[in-house]
Structures are given as C-alpha cells and as structure tokens.
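J.: Sequence:
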Amino acid sequence: MSAMPLFSETSPLFVGRRDHLRLLADQAQRVRTGSPETLLVGGDAGVGKSRLVSEFAATRPAGTVFVGACLQLGVDGLSYAPFTAVLRQILRERGRPPFDAAAPGGTGEFARLLPELGEPSADHRENRGILFEQVLRLFEQVAGEAGVTVVLEDLHWADGATRDLLVFLARNLSRPGIQVIATYRSDDLYRTHPLRRLLPQLERLPCVGRIVLEPFTREEVGAQATAIRGEELDQDALDTLFRRSEGVPLFVEALATAETCPSDDDPDLPDHFRDLLLEPVRRFDETTLSVLRVAAVGAVADGIEHEVLHHAVDLPERELEAALHTLVDSNVLRPNRTGYRFRHALLRDAVHHEILPGPHSRLHLRYAQLIDEYPDAVPKDRRAAEQAHHYHAAQDLPRAMEAAWRAAVQASKTLAFGERLGMLDRVLALWDRVPDPSDRVEGHSWAEVVSQAASAAISADRHRRALELVDEALATLPEDADDDVTLATRAILLRKRGQARSTNMRGGGLDDLVRALELHPPHMPEYSQLLAILARESAMLREDREPTPARRILQELNDTGRGSSTLAELAIEAADGGSRSDRCAAADARITLGGVRMRDGDVEHGRPLVERGMAEAMELREPYMEARGAGNLGHFLRELGHHEEGLRVLEESLARHEALSWAPFHRSFNHQNRAEILFETGELRQSREVYRHYLSRNLGDRKHQHYMQAVEARAAAAMGDVVAARAEAGPSGDRSMLDAHRMDIVQLRTTGLLDAALAEGDLAEALSLSRDVLEQAALERSPGYSWPLLEQMAEAARLGAERARAGAEYGETARLVGGLVGTVAGKLPLNGLVRPAYAATVRFLLAEAGGTEAPALAASWAAAVTAWDATPMRLHRARARLREAEARIAAGERSRAVELTRMVHETAAACGASPLARAAEDLARRLGTGLSGGSVPPPAPAGLTARETEVLRLLASGATNAAIAEALFISPKTASVHVSNILGKLGVPNRATAGARARELGLAQLVPNLPVQRS
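Residue numbers for the sequence shown follow the numbering used here, so the first one is 27 and each next one is one higher.
For the record, the hints were derived by calculation from the structure and aren't laboratory data.
Given the structure is predicted, the values throughout are model-derived calculations rather than measurements.
Please note that the accuracy of each hint is not assured.
[Unchecked claim] Now the in silico label distances, taken between C-beta atoms and shown as ranges:
1) 220 / 401: 29 to 37 Å
2) 213 / 39: 49 to 57 Å
3) 337 / 47: 38 to 46 Å
4) 83 / 398: 32 to 40 Å
5) 685 / 84: 33 to 41 Å
6) 88 / 354: 35 to 43 Å
7) 761 / 217: 27 to 35 Å
8) 501 / 313: 23 to 31 Å
All residues carry an ideal CB built from backbone N, CA and C; glycine is no exception.
Take the sequences, apply the hints, and build the full model.
T.: So, in structure tokens, the structure goes:
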C-alpha cells in the first residue's frame, strides 16, 4: 500500500442525512411559533452526530445557536459542563442584560456556574430549583423573535446535575422559540448507564423526540470517498472500504485518504479502528508526536488552552508553533479562539491510550501543577475538578485528596449533589492511604466528612447510600464517649439517618431523630435545626390503632412534654440570637408551630406565627421555607372555611416567587393547595387546569406526587371523568398508602381511591377500602383531611345499607364501616366553618344507612344545607340539597323538592359536575317537572323510553327480572325484553355494565326489598 497521507479534511460533501437535516430545520421552524421541543440524537461513535448538528447550525441565523459539550471529566466532579459553556457563550455574545432579566431577584444562582457574574447565593438544596428556573427563563429571554437553538453534545458523558437540568427543561419549557438538541453515543450506554435509564423517561414527554443515526449505506460510503478523493473508487475498492469502515463516516474518512484504497490482501491494513486512527499519527516526527501526546493528556475538557499547552510541553515557542501548524494542517487538532481541540474525541482517546505509564503520570502531575501556577488559564469553576482529575491520574494521593475536597466544595456551590458525593467518596477512599488526612480537608474528622457525604447523598435522592455512610460512621464512634464533640457528631449522624429514612413510605426515621435529641448537647451547633426537624416530622407522622414503634415514640414524646408544639417552641428558644442556620431553624419552627395551632383551631395565635416565620424566611432569602409557610397557611385557612383568603395567600406567594424567578420545587405543593381550594369551591375546571399546567409536569417530584394526583382524581370524579379519576387515584384494590409514614398521604390517597371507586359504582371496593383504613389508621388524630374522608366513607355505608335492604351482601361491611365512621367522627373537633357542616352531613348519611325513614330526615338535611351555607363549598351544599329533596319527596312535599332539585342542577351545571347534574335531572323526571319554571321534564337519557328508564333504575339496584316485573306490575318476560332493549341502546354487553352506565346517567336510585341478580 502506498504511503498514507495525514488526516483528510472532513468530507467537503455532506453525505446522506438529508432527511435528518430537514427534520432539524422543520423543528426549528415549528418551535418559533409553537411549543419548545427537544431532540435526542443518538448513534455510535464517529457516525456523524456532530457533523449533522454543525451542518444544521450553519443554516441558522447568526447568534441563535449556543453550543456546550459534556466532558469526560464529568465523573470527576465537574458539573453542568455543557450548560456552563452555553451560558458563558450567551454572556459573551449578549452581555449581562438577559441574565438580569431572567433573575430579577439577583443573579446569585447564575453565579454558581459563572463566577464572573458575582457572588453566588447561599448553598441550600432548595435553591437548585431556582437555578433551574432561571436557566429556563434565560433561554426564553434569549429566544426572542428569532428563536434559539441550544446544542448539548456528548450526553453520554453528562454528570447527574446536567441530566437533572435537561429533564427539568424538557418538562417545563413552555414559551415558543426554543429548540434543544442533545447528542449521545448509543454504543457507550452500558446496561446500568444512567442515560440508558433516562432516555425512555424523556421520550415519554410530548415535546421530546429521538433519532438514531445509522452507519452509511454502501452508496453513501462511495459518495463520501469520492468527495474526499476527487475520484470514484472501483467496485472492489468500494466493497473493501464499506466492509472495513462498517459505514462509519469517521473511519471512511481515514481509510479513503490513501492514494489507492486498500484491498483485502493489503497486509498493511490496520485490523482495529484505534490502529486505524493512529496510523497517520505515527508518521509525525517525534517533536510533533510529543506535543500531540501532551495535548491529549491536557484536553480533559472540551479542548486545551494554548498558554497551558505551551507551559506543559516546555518547548521553544518556534518549535511548538511548528508542531501545532503540522497538527492543525493535518486536521488532527482544530483551533478555536484561544486554544485547540481534537477533531474527534475518539482520536484523543486513542492517542492518550498509547502513552506509557511513566510519561502519563508525569504529564498529569504537570497539568495539575500548572493550574496553580497559571490559574487564569483555566476557568474558575473548573480548576478544582481538573486538579482532582490530574492528581488522581498521577497517583499523587495526598494532593489528589486535597483537590477532591476542593472539588467537593465547588460542587456544593453549584448544588451538584451527586458530583459532591462522588468527590467526598473519593476523599473517604483515600483517607487511610495518605498521611495526616484531616489536615487535607480543613481539619474535618473522618466522621464529619462522612456526615457531609450523607447530606450530599440525601440531597441527591440517594437515600440508600446515605444510610450506608451513616451506619459506617456510627460504627466507628465509641459508644461510651461523653465529650461534646463526639456526642454532637453522633447526634448529627443519627439526624441525617432519620432524614434519609423519612423518605421511606413506612418507618419515618422518627426513632433516630429522638435518639439524636437525647444525645445532642444543647450548646453545640445544629441543636436548633434538630429540634425544628423533629417538631415538623412528629407533627406530620401518622398514628395507628395498633401500638406501632412510631406510635410508641410519639406517645413517649407527648408524655415527656416534648410534643410537636413544645419541640417547636424549644427550637425557637435555642435559636435565639444565633447564627444564620439558627435563624432558619427558628423560622421553620414558627411555621410548624403556627400550623399545629391552626390545625387545632387556634387561628388567632397560629396565623401570626406562620406569618412571622414567612417574614423571617423572606429576610433570610429562603424561598423554599417562605413557600412552605404560604402553603401551610393557605392549607389551614381552607380547612377552616376561609377559602378565598387561603387562595389569596397562595397566589400572592406564587406571584412573588414568579416575579423574582424563585420557583423552587415546593411550588408544586402550593399549586396543589390552590387546586384543592378550587375543587372545594366548585371550580372543577380550574382545579384540573392547575393540575395540567403546573402539577402533571412535576410528577417526578415524588414527595408531592400523592397530593397532586389525589386532588385531580377527586375533580375528575366530580366531573364524571371516571377513566381519569381511576388513572390518577391508582389501581382498584391498592392499599400501598397504608405503608406511608405521613398521615396526610394516607388520607389523600384514600380519598382519591374512594372517589374513583364510588364513581365507578364499585361499592364493594369502596366499603373494603373504608374498612381497611378505619381499622388501621387513627384518623381522629388528624382532623383536617379526615372529615372529607369520613364523608365519603359514610356515603359508601349508606349505599351499602340500601343495597343490603335490596338483598345484596353488603350489610355486614356497611354496618361495620358506618359504626367506625361514627366513632371517629365523634372524636374530631368541630372548630371553624367547614367541620360542623361535614359533621352534619356524616351524621345524616349514617342515619340513612341505619334505616331512619327519609321523611324524618327532611329537617335534618335542611340543617346540613344551612351549615354548608356558611362555607363557599357549593357542591357540598348542592349534594346536601339533593338528599333533602329526596327526603321532601318521601314526606310528600313536592313543591319544596322541585325547588331544591332546580337549585342542585343549577349549581352542578355551573361547576361542570356532570354526575350531580344528571342525578338532579333524574329526580326532576321522577317529579314530572322541568329544571326551570315553565320547562318540561328532562328527556330520558340515551333514547330510553320512560318505562325503560324505570327498568334501568331498578336494574342498577341489582334487581332480578322477576323483581323488576313485580315492582312495575309487568310480566318477567316483558321485563326481560326491556332489559335486552336497554343493553342495546346503551351499547353495553351485560347487566353489570348497564348498572354502571345507569350510575353515570344519575339513575342509580336503589329500591328496597327487591331480590338482587347474583353474578
């Protein structure tokens, strides 16, 4: 084979990929006026992903494409690398104004990634959400009318923080004009690779697409070779080139540069692609090859600066320039503004792999030293991570440990918790391998470093790793130590283990928190934080009827005068005049204490405490805590019947944070509270709109997922959207909520499941679920969500009792549920406006279940309506009116029943509550009246005749054909014909489905003492 020249220029002809290029262009045009979109571009190494993106970028208007690449160094603690590059390009090309506009509350979050923007904000986990929100707003600012394309290359090297930010943007970008393109190597995604798990999740989002670039076809390989060589290959040479290159464009370029393309018999043809890439490199002179090797070691980021390379090679300037000219002219290196980058990462990897161990260590050590000697040559945000990488590769363990510690500190500043954990794990791994390890981490002990690593693991949602770290550290601390430092260290570790365990559905970690309180010396740092956390967790913990460990702990706390209120008061006292963290603990404790008092009905003393805690959080610039205070205040105002005021509190807080670009993840909790208020005030459409716009996109936020979906399930059921109600509530028969350690999760999830079961007409499941929850959870200990839950359970008991009187086998369970509901209701407080109304409704539903005759309940239901009149909960009032109307009919008071029925229908129609509206229509048909003065009765639904409507109502009660015939004075055969006609008109296959359809149509009025059709 003739001598192979150096690397060719990239093929002058853009071969293939025209459909993909058109797809990118169409997407860019589409997003200008439509929703933002993200496109994931995958393919094997060298297949042409970067070339495709470069060709597309060249077609876009100047200043609208911003590019950042993930780095192989990402595993060594350098976070947000591609986004930092994009932000730095925006700052360079657009200046500071877009950043100021995206962050009117201050650019402290941006400064985490771009130190040139000033001092970063305080390091709090919750601020990560603010950083993400501000990046989103920055992209919206930059998009303008021309639109913007953000390119993130080499996503297979992305750190966890980069992946999290990409997911956030994909979920939350909403304004037109933003196109995100992310490339990745599909052949690098091993089985447990985090991107391999993430890609399917991203693809499920409606705004995310994916394409995978395949190798070239034989014809495309021929076109590429012709463009490079300037002449066509003969068929045999093309066959060999296609087979040897496997259609990978990068390898086609390398092979096609030979003067005569190789044949199968050519003994000089490299057998491996690495050899193929290195073949031209090995023809360089020794000086040029040495410069290339030095560059390969230093190019750990997206390239290497000329100044750094100059100092690393230690050559005269003229010799270095000559070598660099050779490398650039040979298309091995490509120059940029201030340095160089390899034409392809595979080439850099191949050169780096060839370096012998001795030179390899010396070069890495030299680069690490150069960062200290010439710090301005490396961006400030990358110095610590790059030094950690170089010292570790050089096996200089003491300085590797010091650099890893600094990289962990830097990762903390950027809120890159996974990367901080990785660096702290490295510090711990080196602890026993270096002298004086504590001196290398600013005097911290091994246990203290473990404690910090556990905090990073908790913030990174790696709770199992946090538990492992804490257990390992606790095992090393002497059990009998009584000095303050060891006691405080043990207490802090126990606190963190408790926090990690609190994320589990059951257990909660309360025992760890209590043990920490027993150990922690009050005068040592972080005591007030421990008290505030324990107060908050104990206030939310569920209580069971059986003596569970958690219940015993709560009882012991109360017996020793350390209930949640007392703990909060102690936290406020311990934090008095303390540090910033103490002031945060005091604000947190005031919000908890105020919430507990409002829960117990003491609004006069509770509300000022919550508001003071919120004010302190504002002063401390703690948006997450401020939002928690607003959420709690809005929640308790709603529970006490002050819905309008609660909504105002929530919307003011959300608007303030929106205006400042402070939108932490706690936002989902406050929107959920908004949705609850809208649901209870009958604004069903608005409630569901909140879910669609703000909550459904945040279902990855597992902490609040149960709250969000339960409210949506209830609103969907109220509107008759049974499919959506079941989808959001969860599968029928689910009892996993009984493993939750927080009472509100048990209550809300049960509420959603009950509404779905009742909407489906699955009375057996509604009663079974009610019984299981009532027998296990002590609902009387948490009144707020218990009242609406008891109302549903009482309704299930009423329906079960009616079915039992009709002959169904629900009687025993209905009686049991009714009895338990009555017992719990008798223990709940009746303060506020809402709880007395719930109490009246529950009492009268249970009276009906117990067999009290309807006429005797007319005045009772009128009293319930009066109680609901004091609240803004119009659908609850309408349902009470419907029950009163039924009672008035039984009492012979037709005119009052007509009046009530019309009011029910008017409210239900205004709220979009279709099932309630249909029930009112059915009642009007039975009364023979219209829904307004002078109107005719509503027509029978689904084209049914009046007689078929009566048959369907009886069928829905479970009556047999014989029972229907007896009730309507017709023959069983005639009843059978009516049933067949009904099945045909409704388009359902059997009686059970017809019964469910009857309930949807509001026809499921049960008739006592009728034989039931057995399935």
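J.: Failing hints, ascending?
T.: 2, 6, 8
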